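**Q** Take a look at the letters that make up each chain.
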Amino acid sequence: MEGLTLRVEEGEVFGFLGPNGAGKTTTVRMLCCLISKTSGEARVGGYEVGRRSDVERIRRLVGVLPESVGLYDDLSAYRNLDYYGRMFDRPEGERRSRIEGLLRTLDLWERRDAPVATFSKGVRQRLAIARALVHDPQVVFLDEPTANLDPESAKAVREFILGLKKEGKTVFINTHNLDEAQKVCDRVGILKTRLVAVGATDRLLDPAATRRTVVRLSRVDAAVLAAVRTLGLGDVVVDGDRVVVGVADPDEDNPRLVRAIVGAGGRVRSVSEAAPTLEDVYLRLVGGGRRDRA
Amino acid sequence: MRLSKAWTVAANDLEVLGRKRYTLYSLIGLPVVASLGLPIVVSLALGRGEVSGTGVEVLLNAFSFLFAIVATLVPTVIASYSFQGEKLERSLEPLLATPATDGELLLGKCLAALIPSLGVTYVGASIFVVLVDGLTRARLGYLYFPNQTMGAVLLLAVPLACAFSVEANVVIASLVGDLRASQQLGTLASVPFGGVFVLAETNFTSLDATRLALVCALALAIDLVLLEVCRATFRREEILTRWK
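Listed in order, the protein sequences are those of chains A and B.
Heads up: the first sequence at position 50 corresponds to 50 in our numbering, and the numbers run straight through without jumps.
All you need for our numbering is the position in the second sequence, starting with 1, plus 294.
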């Protein structure tokens, strides 16, 4: 990690985005006092990471969902949570009600006595989230909370995260899922070994920078693409029967675009404006590309 | 250090261990073999009339001491698992995120290895004692156990040997970083006690109660030194990065 400077406000949901190996998990581990930092300064809830007298306070303050859920397969769902409740010194009565509440919220109560080994990946993930919250932490770190989940489970987890926000908890999410980040995060930081962008999700989605026009054609051919390119507009991307073109001023550029396509023999079926997505911002900043560039 | 927290860690490990059938088999295998196999050897020796009363005493003292060696071998399975096995199963990271101190985690893990190891060694030794007493009573007309040597073995040598092995395994686990290598190296914890046994069998020393007490005093000193090494080498912030 280098050059990482950011501040996450109390009660906000912060998304930490970046490719594999960018240092997202390392950052979370450092902030949770799981590994030592070699230099720099970090504070969680006002306590200094790495200071001996503050480490235990930080551990009490945070709940962590690691990248690998790491549950005890041979124990039941309830016993898994109860163990961590004990480790955080929660009294028995409080532990019992907290565990019941979490298991009911995450739709796991009926399976509380079943061994974790019998659970699907999605159920394990939900149980691991419950474990991260069993001591009612103020700050929650979630490392890839919806990774490998089916859409239904992922949606349930996202709703749960939004519920945490309503409770006033600070949530720090490591994710590859840009759609998820866009849906649940107040702000995001994009990491590529160092932090390349940070800000409110809607601010990062700067329309001027990412505005695109989508033209759906009967057939995309070389003549049409050549005509579009000669206009000197933004990036031209072919996606099946669609041509996606970056435009600076849609009012002026779109009519020119359509005229050029029709002039080159293209048959336009529809024209629409693509809403900018976090994926666009991410790919632009991280330097990747998923679709074939024309 | 809060002992209750260490006990919470140990109790959880014991519960998990109790549900791992094959780990349990490997845990009880050696004590069972020793408790049943050694009396068979004694029975064969007595049956052939090849050993005198003194010979029986030497043989049984040596066999009694074997339980100290057993106590060094048994914890290898659990002590290596306690950190590295948990890391392999990915359950270590959430545990390290809890507010338990290094000392509480270390003590809890050591207790989780020590308690079942001592338990199965004592059960094995008890079976051995009962079977051998049955044999000596039937063949020689007296009960060989209890005696001072077995008392010293069970009350001093076995717990000290077991603690030595657990500590050595934790140190090895923290330095080696690979479960299999760590378990294999962990068996080296039996070398000092095995060495004493070899010295006794080659008549360099004997295993009477007095000499056993001396061996135990030395083992206690080594245990205390190793405990300090254990505390010095256990750094939870390094576990996730250094341990493979």
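Calculated from the structure, these hints are not laboratory results.
Among these hints, one or two may not hold up.
[Unchecked claim] Label-pair restraints from in silico Cβ distances: (1) A:7 to B:296: 31 to 37 Å; (2) A:258 to B:383: 58 to 64 Å; (3) A:168 to B:527: 38 to 44 Å; (4) A:109 to B:312: 23 to 29 Å; (5) B:312 to A:285: 49 to 55 Å; (6) A:147 to B:396: 29 to 35 Å; (7) B:396 to A:93: 26 to 32 Å; (8) B:503 to A:113: 29 to 35 Å; (9) A:94 to B:383: 53 to 59 Å; (10) A:40 to B:396: 20 to 26 Å; (11) A:113 to B:384: 21 to 27 Å; (12) B:309 to A:166: 32 to 38 Å; (13) A:68 to B:532: 50 to 56 Å; (14) A:97 to B:356: 36 to 42 Å.
[As the list claims (entries may be wrong)] Sample of chain A residues facing chain B (criterion: CB under 8 Å; computed from the structure): (15) 87; (16) 106; (17) 109.
In this text the structure is predicted, and so the values were computed from the model without any measurement.
We put the CB at the ideal spot given by N, CA and C, even for glycine.
**Q** Quick check on the hint: residue 87 (chain A) CB to chain B CB, less than 8 Å?
**A** 4 Å, holds
**Q** For residue 68 (chain A) and residue 532 (chain B), compare the CB-CB distance with the range 50 to 56 Å and indicate the outcome.
**A** This hint is violated: roughly 19 Å between Cβ atoms.
**Q** Hint says 29 to 35 Å; check whether the CB-CB distance for residue 503 (chain B) and residue 113 (chain A) agrees.
**A** 52 Å, violated
**Q** Look at the Cβ atoms of residue 113 (chain A) and residue 384 (chain B) and judge whether their distance stays inside 21 to 27 Å.
**A** 23 Å, holds
**Q** Taking 36 to 42 Å as the hint, is the beta-carbon distance of residue 97 (chain A) and residue 356 (chain B) inside that range?
**A** 59 Å Cβ-Cβ, so the 36 to 42 Å window is violated.
**Q** Falls inside 26 to 32 Å, the C-beta gap from residue 396 (chain B) to residue 93 (chain A)?
**A** The hint (26 to 32 Å, Cβ to Cβ) holds, given that residue 396 (chain B) and residue 93 (chain A) are roughly 30 Å apart.
**Q** Determine whether the Cβ-Cβ distance between residue 168 (chain A) and residue 527 (chain B) falls within the hinted range of 38 to 44 Å.
**A** Taking Cβ atoms as reference, residue 168 (chain A) and residue 527 (chain B) lie about 42 Å apart, which means the hint holds.
**Q** Could you say whether the range 23 to 29 Å given as a hint is met by the Cβ separation of residue 109 (chain A) and residue 312 (chain B)?
**A** 25 Å, holds
**Q** May I ask you to test the hint 31 to 37 Å on the CB atoms belonging to residue 7 (chain A) and residue 296 (chain B)?
**A** For residue 296 (chain B) against residue 7 (chain A), whose Cβ atoms are near 34 Å apart, the range 31 to 37 Å holds.
**Q** Between residue 258 (chain A) and residue 383 (chain B), is the Cβ distance one that fits in 58 to 64 Å?
**A** Cβ of residue 258 (chain A) to Cβ of residue 383 (chain B): about 59 Å, so the range 58 to 64 Å holds.
**Q** Quick one: are residue 40 (chain A) and residue 396 (chain B) within 20 to 26 Å, going by C-beta?
**A** 23 Å, holds
**Q** Range first: 53 to 59 Å. Now tell me if the beta carbons of residue 94 (chain A) and residue 383 (chain B) are that far apart.
**A** 28 Å, violated
Checked against the numbered hints given earlier, this structure breaks hints 8, 9, 13, 14, 16 and 17; the rest are met.
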